[in-house]
Amino acid sequence: MSDLLGAFGQAWLRLLLYPGGLSAVLAALVLARLRGIRQLEPLTAPRLLDLLPPLSAIALLPLAPAASFPYGLDLPTAVTLLLWPELRRAAAERRDPHQLAAHYLPTFLAAIALASAAGTFDLSGLLRWPSTPVRQAALLLGAGAWIAAIPRLAPPQPHLAAACSALGLMLIGVLPLSAAINTIAAAAPAWLGVAAAITIALAGMAAARRLPVQWGYVWASAALVAASGVLLDSR
Amino acid sequence: MHFLPFNHVPYRLTGAIAGLSGIGMLFRIQRQPFTTLHAFIVIDGLSCLVLITAGLLMFTIPAHWRRVGQLAALGFAILSGHLAGIAVGLMITLLLSERWRERGAGVALATGYGLIGWFASSWRLNASGDGLNSLSFILLLAGAAIAAGLLDLATAKRGPFDPLAALAGIAAVLRLFSVGPWNLGWQLATLLLGGMLAISAAWRAATTTEPLEAEEWLQRSLSGLALTVTGCASPAGVAAAGLLLLHLTLRRLAQPMAGSATWAGWLLTGAVPGTLGFVAFWSASAAAMAAGIPVLAIVVWAAALLCMLAAGRHIQGPARWPSTAGALAGLALGLAAPVLARWLLRPLSDHLQGGLTPYGAIEPWGWAGLLALDSGARTAATAPGLALLALMGLFGALVWLISRWRGWV
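Chains D and A are the protein sequences, given in the same order. Using my numbering, the letters of the first sequence map in sequence onto residues 1 to 235. Using my numbering, the letters of the second sequence map in sequence onto residues 1 to 409.
Hint data in this document are derived by calculation from the structure and do not stem from the laboratory. Possibly wrong hints are sitting among the right ones.
[What the hints assert, rightly or not] Restraint ranges, calculated between C-beta atoms of paired labels, are given here:
no., chain 1, residue 1, chain 2, residue 2, range
1, D, P133, A, Q316, 24 to 34 Å
2, D, A186, A, L135, 40 to 50 Å
3, D, A101, A, G317, 24 to 34 Å
4, A, I23, D, L34, 49 to 59 Å
5, D, D96, A, I41, 52 to 62 Å
6, A, L212, D, A92, 16 to 26 Å
7, D, V30, A, W400, 21 to 31 Å
8, A, L398, D, P189, 50 to 60 Å
9, A, Q316, D, L34, 33 to 43 Å
10, D, G9, A, V9, 36 to 46 Å
[As the list claims (entries may be wrong)] Chain A regions said to be covered by chain D (calculated; three or more residues, Cβ under 8 Å):
no., region
11, 200-208
12, 301-309
13, 360-369
14, 385-391
[Claimed, not checked] Selected chain D positions facing chain A (in silico; Cβ < 8 Å):
no., residue
15, D3
16, L87
17, R94
Every value quoted in this text rests on a predicted model; they were computed, and no experiment measured them. Ideal Cβ placement from N, Cα and C applies to all residues, glycine included.
With the hints as extra help, turn the sequences into a complete structure.
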């Protein structure tokens, strides 16, 4: 138990400033503005409860240059935390599961590629640039498919919880991109790699929004093909 | 068919005795299984888990003498160290079920174990490995899948979910690890059949508009998930199956679809980290990832999300004490997952070790939560339940303070 308390004590910067806390809220507001939301709804008690899981997920993402946190998240846990506002909304509004499946299928296909390439669900595994070209391709295509799928998720909602959710999902896609950039430009500081990866991800999301829906599936399928190559590669 | 009604008090008492016996035996078998009467009686981690869950499930089923018979027969099967005892016990358990599907499944399970004994050099559970054969395995897998509700997916005529039958089916497949190791084809068949049942039932649960029907599909999906992770044939898979059975039992005890407070309903969906449901779903996905099957791990997670959605869609008042107590118990058990892993799940996987592969283990992660390790002892998945809840509590307090200060709330 003392380990847990010690971990929180040493991670206050991560929780309050970066990548969680203040920077997460500001970045979520910017991202919401970029997605076309001009005015966010005022915070209410239920909205505050919806905000906590995505904010916690962002705070625990292994993003440079934040100090590492010993109790990191894995992909399913992070995705569940980030989708919490959407899950609550879908349940409350009794949204059609067929519609939800159409929105989220490319994300799940991309997740298969990411997990296959990393060989683990641990999010810090997405920061390890693989040594074989097949795994590298699967990781990059998976990250691309992940980012391309984000604009096709449920329509953006005008509240902070949904904005944090979108930001967190984008940042998961940023992890492999930053790993690639940091490997290519090994001399550059790690935070520069993250900044460059975020820029690329934002550009990718903007481009994906303009492309037809089918392109998301095409990209995800390409990532899956690369992921199946990983399976053959490891035999 | 309706038989004589059974008095409620002795009925509940049999359930309590079975559950408490399971808990008591767990203390005795922490280091090694207990065998007696020339190995005709074997008490191991699986026996204890089945007795505990079966005992608790008795509180969720209308009182009837046939249920007591089912419980006694299941207890006999799971404590038996002789293949004939297992076969007879399983057959009686399922023959006492209300539908012909489950009865057929019972015959399949009994024939499967009977054939293993027939081909083996000994009928003793621990010395019958040479009798394992594909025909027996197919019968056992088919029986378990039918008991868990496979035929309900295929036919329009839907009946009530029989939790004791599903438990017997899953226990029968898990008990096979005591006989000997599986081959890859059997694992693949279990993964495919269990995965299909899990995802199809989860989809039905998410798409139906009737709350009690959704709950039944959800429980079939949980049984399917338990069957799927059993196919991983690893300590992680066995531990995940145990957690899923506990979650299923908790949902039946709490009956959230019959009415619950919103917060209690959500705690029972499995969507909140640190609750038993979340730990169960996570462990299922983590077991698949630790076994090196990312596709299955994501499919399992998709099924879990559908189950969460299905459970969330039907949260409705009024608040009832079983759902409130169940939600709190789920939270307590989820937070105590590291203790649960050491005390309940480790004996379960350790005592079936002879038939398991080293592809994945679920370990306590200090007090923070659970950790899944792959065959190379590398981290395959992490679930810091307590750490996450503590973090959310911190954030909640902070955001609340700021909101009050700014006058937002």
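Hints versus structure:
Under the hint 24 to 34 Å, the C-beta atoms of P133 of chain D and Q316 of chain A, about 53 Å apart, miss the expected range. Restraint check, A186 of chain D to L135 of chain A: a C-beta distance of roughly 58 Å breaks the suggested window 40 to 50 Å. Taking the beta carbon of each, A101 of chain D and G317 of chain A are about 29 Å apart, inside 24 to 34 Å as hinted. A C-beta distance of roughly 56 Å is found between I23 of chain A and L34 of chain D, which places it inside the suggested range of 49 to 59 Å.
Look at D96 of chain D against I41 of chain A: about 53 Å separates their beta carbons, and that is inside 52 to 62 Å. Distance hint check for L212 of chain A and A92 of chain D: the Cβ-Cβ separation is about 20 Å, which falls inside the suggested range of 16 to 26 Å. Under the hint 21 to 31 Å, the C-beta atoms of V30 of chain D and W400 of chain A, about 24 Å apart, fit the expected range. In this structure, L398 of chain A and P189 of chain D break the distance hint of 50 to 60 Å, their C-beta atoms being roughly 30 Å apart.
Between Q316 of chain A and L34 of chain D the C-beta distance comes to about 38 Å, which sits within the given range of 33 to 43 Å. At about 53 Å, the beta-carbon gap between G9 of chain D and V9 of chain A misses the expected band of 36 to 46 Å. Judged by the Cβ-Cβ criterion of 8 Å, the region 200-208 of chain A is covered by chain D as claimed, because 3 of its residues qualify and three suffice. A stretch counts as covered by a chain when three or more of its residues have a beta carbon under 8 Å from one of that chain; for the region 301-309 of chain A and chain D the count is 7, and the coverage holds.
With 5 residues having a beta carbon nearer than 8 Å to a beta carbon of chain D, the region 360-369 of chain A meets the requirement of three or more and the stated coverage holds. Residues of the region 385-391 of chain A with a Cβ under 8 Å from some Cβ of chain D number 5, which satisfies the need for three, so the listed coverage holds. Because the closest C-beta pair between D3 of chain D and chain A is about 5 Å apart, less than 8 Å, the hint holds. At about 6 Å, the closest approach between the beta carbon of L87 of chain D and any beta carbon in chain A falls short of 8 Å, and the interface hint on this residue holds.
For R94 of chain D, the shortest C-beta to C-beta distance to chain A is roughly 6 Å, which falls under 8 Å, so the interface hint holds.
The structure fails to meet hints 1, 2, 8, 10 from the earlier list, while all remaining hints are met.
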